[in-house]
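Asks: Top to bottom, those sequences are chains L and B. Just so you know, the first sequence maps onto residues 14 to 340 in this note's numbering. Just so you know, the second sequence maps onto residues 41 to 385 in this note's numbering.
Just so you know, these hints were derived from the structure itself, not from any lab. As the structure is a computational prediction, the values presented were derived from the model and not from experiment. Yeah, the Cβ is synthetic: ideal placement off N, Cα and C, and Gly gets one too. Check the hints yourself; a few may be wrong.
As the list claims (entries may be wrong) - Restraint-style ranges between C-beta atoms, simulated for each label pair:
no.: 1; chain 1: B; residue 1: 192; chain 2: L; residue 2: 107; range: 58 to 64 Å
no.: 2; chain 1: B; residue 1: 155; chain 2: L; residue 2: 114; range: 35 to 41 Å
no.: 3; chain 1: B; residue 1: 140; chain 2: L; residue 2: 171; range: 54 to 60 Å
no.: 4; chain 1: B; residue 1: 192; chain 2: L; residue 2: 203; range: 52 to 58 Å
no.: 5; chain 1: L; residue 1: 203; chain 2: B; residue 2: 351; range: 34 to 40 Å
no.: 6; chain 1: L; residue 1: 271; chain 2: B; residue 2: 73; range: 49 to 55 Å
no.: 7; chain 1: B; residue 1: 192; chain 2: L; residue 2: 87; range: 39 to 45 Å
no.: 8; chain 1: B; residue 1: 134; chain 2: L; residue 2: 87; range: 50 to 56 Å
no.: 9; chain 1: L; residue 1: 109; chain 2: B; residue 2: 72; range: 32 to 38 Å
no.: 10; chain 1: B; residue 1: 238; chain 2: L; residue 2: 333; range: 27 to 33 Å
no.: 11; chain 1: B; residue 1: 72; chain 2: L; residue 2: 310; range: 57 to 63 Å
no.: 12; chain 1: L; residue 1: 204; chain 2: B; residue 2: 364; range: 42 to 48 Å
no.: 13; chain 1: L; residue 1: 276; chain 2: B; residue 2: 175; range: 32 to 38 Å
Said to hold, decoys possible - Each computed DSSO-like pair below joins lysine-lysine, with the alpha-carbon atoms no more than 30 Å apart:
no.: 14; chain 1: L; residue 1: 89; chain 2: L; residue 2: 63
no.: 15; chain 1: B; residue 1: 181; chain 2: B; residue 2: 146
no.: 16; chain 1: L; residue 1: 63; chain 2: B; residue 2: 319
no.: 17; chain 1: L; residue 1: 63; chain 2: L; residue 2: 111
no.: 18; chain 1: L; residue 1: 82; chain 2: L; residue 2: 63
no.: 19; chain 1: B; residue 1: 319; chain 2: L; residue 2: 82
Residues per chain, in single letters:
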Amino acid sequence: MSAEAAAGAGEPVLDVRELAKLYPLTRGIVVRRQIGSVRAVDTVSFTLRKGETLGIVGESGCGKSTVAKMLVGLEKPTGGRILYRGDDITRLSGRALKAVRRNIQMVFQDPYTSLNPRMTVGDIIGDVVGLNPEYVNRYPHQFSGGQRQRIGIARGLALRPEIIVADEPVSALDVSVQAQVVNLLERLQDEFDLSYVFIAHDLSVVRHISDRVAVMYLGRFAETGTEDEIYGHPTHPYTQALLSAVPVPDPGARTRRERILLTGDVPSPADPPSGCRFRTRCWKARERCALEVPALAVPEGFEQVTGPARHASACHFAEERQVVPED
Amino acid sequence: MTVEGTAEAAAPAGSGDLLDVRGLQVEFRTRDGIAHAVNGVSYTVAAGETLAVLGESGSGKSVTAQAVMGILDTPPGRVTGGEILFHGRDLLRTGAEERRRIRGSKLAMIFQDALSALNPVLSVGAQLGEMFEVHRGASRKAARARAAELMDRVRIPAARSRVGDYPHQFSGGMRQRIMIAMALALEPELIIADEPTTALDVTVQAQVMDLLAELQREYAMGLVLITHDLGVVADVAARIAVMYAGRIVETAPVHDLYRAPAHPYTRGLLDSIPRLDRKGRELYAIKGLPPSLTAIPPGCPFHPRCPKAQDICRTDRPPLYDVAPGRASACHFWEETVSEQGERP
Chain L
14 MSAEAAAGAG EPVLDVRELA KLYPLTRGIV VRRQIGSVRA VDTVSFTLRK
64 GETLGIVGES GCGKSTVAKM LVGLEKPTGG RILYRGDDIT RLSGRALKAV
114 RRNIQMVFQD PYTSLNPRMT VGDIIGDVVG LNPEYVNRYP HQFSGGQRQR
164 IGIARGLALR PEIIVADEPV SALDVSVQAQ VVNLLERLQD EFDLSYVFIA
214 HDLSVVRHIS DRVAVMYLGR FAETGTEDEI YGHPTHPYTQ ALLSAVPVPD
264 PGARTRRERI LLTGDVPSPA DPPSGCRFRT RCWKARERCA LEVPALAVPE
314 GFEQVTGPAR HASACHFAEE RQVVPED
Chain B
41 MTVEGTAEAA APAGSGDLLD VRGLQVEFRT RDGIAHAVNG VSYTVAAGET
91 LAVLGESGSG KSVTAQAVMG ILDTPPGRVT GGEILFHGRD LLRTGAEERR
141 RIRGSKLAMI FQDALSALNP VLSVGAQLGE MFEVHRGASR KAARARAAEL
191 MDRVRIPAAR SRVGDYPHQF SGGMRQRIMI AMALALEPEL IIADEPTTAL
241 DVTVQAQVMD LLAELQREYA MGLVLITHDL GVVADVAARI AVMYAGRIVE
291 TAPVHDLYRA PAHPYTRGLL DSIPRLDRKG RELYAIKGLP PSLTAIPPGC
341 PFHPRCPKAQ DICRTDRPPL YDVAPGRASA CHFWEETVSE QGERP
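Extracted from the complex, chain L is given alone in its bound form (with noise of 0.2 Å):
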């Protein structure tokens, strides 16, 4: 299988390791007290090799984003370690950290807000994205969203860094756009063998462009693995009932598919639930749910599973169940 095989070929670039942001909740102005606190990301691990793409995806408020900003440096986690080529970078500071930055560089979802409105695109970026060169002396606003977004790219490329951390890159754009700013970033990881950590909440694109896949719940994953086994034979609840929410773009899965529609709203991560976290709208949850935090582990009764079945799946009753129609 392909996607395997490009995930064995390269050496590990980044290490996570339990990573995790709490936000205090405080009350008062004059005597601040810690009433409680958010946990955004509560213990996160994976590994990024060279030339992987990893995709992360989930609903709002799931602290994908969070995971995200970490990643880059733009919040500081509270919790657990980033390990870049061996070296922790969440314990550096000063010159060693900001070496260690340029390597790790981030694309926005809305490139509009995350330009310098004040600077020519010839100053932020060089040229590698199919950028008209007549364009260098043109400011942000002068251009289109897609546009916009391959010169958000061509900024993250610009220091030549080995990872690129991608949040919703494409959730603006208009259906036509998003082909070619997809395939942009498909070409560039080819030509500069860069590693992807991309996150949306489109599963689709992300079904598209990712090696490995990692589906986040209420601030931890709850099932990882290879394209394939995440689509085709996820095995975790809370997965099979987001594939099978998603819209196809063929009338005839109308009738074809099951559809498992979850009740209720995502619960706080102010207060999140004991045990599992998803057993508050899960329809296998029982006792043990409650009581017992699933490990993001191959489940019990798939030790002796050969074939992509067999995968991470933090669920204390995982079972095979295909939600996606065959093609």
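Assemble the complex: chain L is given as a structure, and chain B must be docked to it using the hints.
Replies: Just chain B now, with coordinates in the frame of chain L:
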């Protein structure tokens, strides 16, 4: 155009269509000149039918809806031509007061962003109840009771205890339900939903779309679903109209359109979306950008981006050719396009 429509031909204009938009033209005065946002759009919706209007930003899909609802910002906007027949009566030639009455009780609209469409300083119960007070002359108390019923109807948990809550106290999905409740309050005959689920998470999106489809069936309303999402359209619509640069470029029953698109733009859109159910290689990308509405290219507006463009496309604007009953395409080469199957080279 629709079968159901002609079967019950009772309306004065001789068609049974609830809504019949004919040759609508809308322009905006801007600093860069006149933006031609809608350039002769025609579509019909029958009772109980779902028409999806698909297009990218700037295609004119929302402006058309605003003109139908009579909520276009004028100025800078201006309807320069066409008719909007509702039950055979032209809304563009209806007085302001009468139009407001129709808009409240017969036509309703659901917007993308519920938070900015709802009044932040009024409780949702008061906003829902107001509909009954103003349009039905209900007492405040009776209106509140109806509001709670409606919230229950759109499956807001513990509706009765939440009538006094304010919009910000609800989640995004719940706010969208409240907007649907507001649109439904007076049991309108037609609902226009402009990107109703775009801002919602997928699991919530599915809940809201299901609710909308169920209520539409129950009340036998006409529904115009405006969206950019080819997945949502495939899930709920019966017919689809694809818009580009202020024109409808293709209209078709939904199954036909996905199986064999008759316009290169539709084909391009279908090929350019990443699919959940397949691990693709490179995506097809439609080259270039949509035209500026102040300078729409002559001939076919899609020709600068079209892989099929010939000389005729640069000079002659294609009319909507009939492809099959209920199907039309504004492409000189629709026959070739529709017969092309399989992967793009």
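Asks: For every hint, state whether the structure bears it out.
Replies: Hint check results:
no.	hint	result
1	B:192 with L:107: 58 to 64 Å	holds, 60 Å
2	B:155 with L:114: 35 to 41 Å	holds, 36 Å
3	B:140 with L:171: 54 to 60 Å	holds, 55 Å
4	B:192 with L:203: 52 to 58 Å	holds, 55 Å
5	L:203 with B:351: 34 to 40 Å	holds, 38 Å
6	L:271 with B:73: 49 to 55 Å	holds, 52 Å
7	B:192 with L:87: 39 to 45 Å	holds, 44 Å
8	B:134 with L:87: 50 to 56 Å	holds, 54 Å
9	L:109 with B:72: 32 to 38 Å	violated, 50 Å
10	B:238 with L:333: 27 to 33 Å	holds, 32 Å
11	B:72 with L:310: 57 to 63 Å	holds, 59 Å
12	L:204 with B:364: 42 to 48 Å	holds, 46 Å
13	L:276 with B:175: 32 to 38 Å	holds, 33 Å
14	L:89 with L:63	holds, 24 Å
15	B:181 with B:146	holds, 24 Å
16	L:63 with B:319	holds, 21 Å
17	L:63 with L:111	holds, 21 Å
18	L:82 with L:63	holds, 20 Å
19	B:319 with L:82	holds, 28 Å
Hint 9 alone, counting from the list given before, is not met by this structure.
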